[in-house]
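K.L.:
Residues per chain are reported as follows:
2 protein chains.
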Amino acid sequence: MRDRYQQLVTTAPGRFLARRVGLPEPPHLRRHTPGDPLIPGPVILGGAPAGRLVKVVGPMLAAAGVAVRELGPRAEERPGGARPHALVFDATGITRSEQLVALHDFFAPQVRAVAPSGRIVVLGTPPEHCADTREATAQRALEGFTRSTGKEVRRGVTSQLVYVTPGAEEGVESTVRFLLSGRSAYVSGQVIRVGSAEVPPPDDWERPLAGKVAVVTGAARGIGEAIVGVLARDGAHVVCVDVPSAASELAEVAAAHGGEAYPLDVTAADAPAALAGHLRSGVDVFVHNAGVTRDRTLAKMDAARWEIVLNVNLTSEERINDVLLGENVLRPGGRIVATSSMAGIAGNPGQTNYATSKAGVIGMVRSLAPTLASRGSTINAVAPGFVETRMTAAIPLVIREAGRRMNSMTQGGRPIDVAETVAWFASPGSAGINGEVVRVCGQSLLGA
Amino acid sequence: MRDRYQQLVTTAPGRFLARRVGLPEPPHLRRHTPGDPLIPGPVILGGAPAGRLVKVVGPMLAAAGVAVRELGPRAEERPGGARPHALVFDATGITRSEQLVALHDFFAPQVRAVAPSGRIVVLGTPPEHCADTREATAQRALEGFTRSTGKEVRRGVTSQLVYVTPGAEEGVESTVRFLLSGRSAYVSGQVIRVGSAEVPPPDDWERPLAGKVAVVTGAARGIGEAIVGVLARDGAHVVCVDVPSAASELAEVAAAHGGEAYPLDVTAADAPAALAGHLRSGVDVFVHNAGVTRDRTLAKMDAARWEIVLNVNLTSEERINDVLLGENVLRPGGRIVATSSMAGIAGNPGQTNYATSKAGVIGMVRSLAPTLASRGSTINAVAPGFVETRMTAAIPLVIREAGRRMNSMTQGGRPIDVAETVAWFASPGSAGINGEVVRVCGQSLLGA
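Line by line, the protein sequences are chains H and E.
Counting from 55, one number per residue, gives the positions in the first sequence under the working numbering.
Counting from 55, one number per residue, gives the positions in the second sequence under the working numbering.
Take these hints with a grain of salt, some might be off.
As the list makes no split between identical chains, a pair holds if one copy fits it or if it spans any two.
[Stated by the list, open to error] Quick list of in silico lysine to any residue cross-link-like pairs, SDA-like style, CA-CA up to 25 angstroms: (1) K354 with R123; (2) K354 with Q153; (3) K354 with P81.
Just so you know, the hints here were simulated from the structure itself, not pulled from any lab data.
Please work from the sequences and hints to get the whole structure.
P.N.:
Shown next, in the form of structure tokens:
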């Protein structure tokens, strides 16, 4: 399956437009299909001396059926054999800036060999957990490396930095699996923190949500529909929520994925109480995905446009969280995931209302994280960039094309890319990921 | 004085190029000249009910000779009289997302009237200092508003969010002055935290560094030369440091600003000791500005290119900090300011070495901040975007033009814009600003 840009560039005007602005054809991105191996080729694993993660990640990957080739520090040559599909580097042994050259020594000889849709993953120690300022400085420097590499390598190769709190080594598996797999096709240039938490041993990595109950708002179409599909694929029973006017689409989505439809206006005064009643046996995963836009420049924006956007995208979520937590509707070990947006990070002209609401979602996730942690639960946000939906299809062609191409994948993402990221947060294996905001934007150039 | 882009668009090929890519002529930016009033027109000041800053900032501005018009909450009309040059809104009274509509109510009727090179400043409470998650969420939402407004308003108008820790209200003056003045011409879309600190009463806001000793590395040209000029203008005696091969340029810069030249290779093994010896009577302001690039894609980068960039841009600064702090060369109340870069925030292809070093500078500043605070001192970083220097002049025209235009000011910045930001950090009035990274990028679209 090709995305719409790829469809476009196979038409005559599309080819003309692409050539006109000097755009190459975007690479095909490897995405996950059930039954696929974790990664279709070997992983080269290396590390700076005295790192604490090589010895954990190596056996972890081998047990997952991945061909792992371990490389000692300061290897100047790349090992022979099949083209690597991932370069994973444990940088936790780096305690001073002088030692950062180990990144160069590991990656420079190998980076060109990485297969299309390959993966670069650097593992580090969160600067706030470092022993001294020299170590914190060197560890913070890693971010400049992974973000630059993501912009440089192209060919659908993603690049990420994963900060692992000391003691949380075993909890890194769900994240390493996500990042190496096709599930993270459109996630690049991210910094992800894995903290300490009790991580239950996984039963089946292909159905981590078996037996769980999930709720998805805004489920009738677009990104919400894709989230329903992926959570159901991963084993969850999904309660699909959307406004009553979308009830027939909602019923179709629910039926297609063996879930149930629950039409509800999340902004209604009694919506939180109604949800609590409907979910009285409890919920494991709650996805705040309902969202609206009412774009206008600030000078032309009436108060109604401001208020509906803030209410749907932010306040209604806060009110629902109150019952999820206050009335223990969210089960122990539960997950809340909210949809933020690139606009909430970088701001966007004509969207002061939308960007304010989506920046607020980031605040909500960060400020609620300690409360969730105390219940063995988590709350996180996805921040989509340019994702091919009905909403983005309505953007004028040239602006749409610029939005699509201004990222390291040189194409728009798909709703499933956001959904896979939600599912990774929702997984029992991701208990150590809390208060995080992960962009699903192909490493968009736009940011804060 | 016009910048080089403006010179370019007055030539025939320049006009052709600008029209070709649909670029309007960039606005002229108001910059500060000694003797200028703080701001050339009235400031409209408003706030949500129960805010704690209107009553501090109003008298502060009035005492500084600014015409302040206070506006009650939910004012639907803009006051009559001259065009406002700034809209300042105290959002500290906002404790729930429903109250964010106060932003709309204050700004929507007035935003179009703001004069060119006008200012939008929103004052908030740092989310980490809020009483509960609802307040933290609403306060974090402010960032989406100011970043969107900065991208929307244009005409050289800047937009910032200033988070003021409860109790630090009186310490906000240096920051409010900086943001309203022409000193911050190229600073927009920033989030600045003002924390609690003992702020000495200012003697003369035009010469805040009178009697102080400052050191600037990389002082022979470009941004470093501009920093020397601004610190000297503000009253400091400046010790100008650069490599011995630039000694003659360095001597000229020092002479032009009444400072002294001190040729030194900051990467030399004995450089920190030599500096400590040279500065044995102490230093008040140390500016780590020396920096080099050695661009190559990672696959083509030799270890030497990596090492020199990391050494000059990061490790040498760490080694000098060791003597500044370990041997008490930095006087009580001292300031360290380091030059990071947009590349250190967003990453940049072909600059894995440079971006790693500049991301490390951010780590250095953040991790050293508590140590500095314990001495009544601060450490902060500026992160320049596209600034017109010899370095950027070497970029090929089309890429250079894109870099210049992809920001809310639609033009490149000048070295003095970075220098003014350094001087604001260096000011005794900025004692509450510590561990911050402020971009001088005209609100570049590029970010993380």
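K.L.:
State the violated hints by number, sorted upward, taking the hints as numbered earlier in the document.
P.N.:
none
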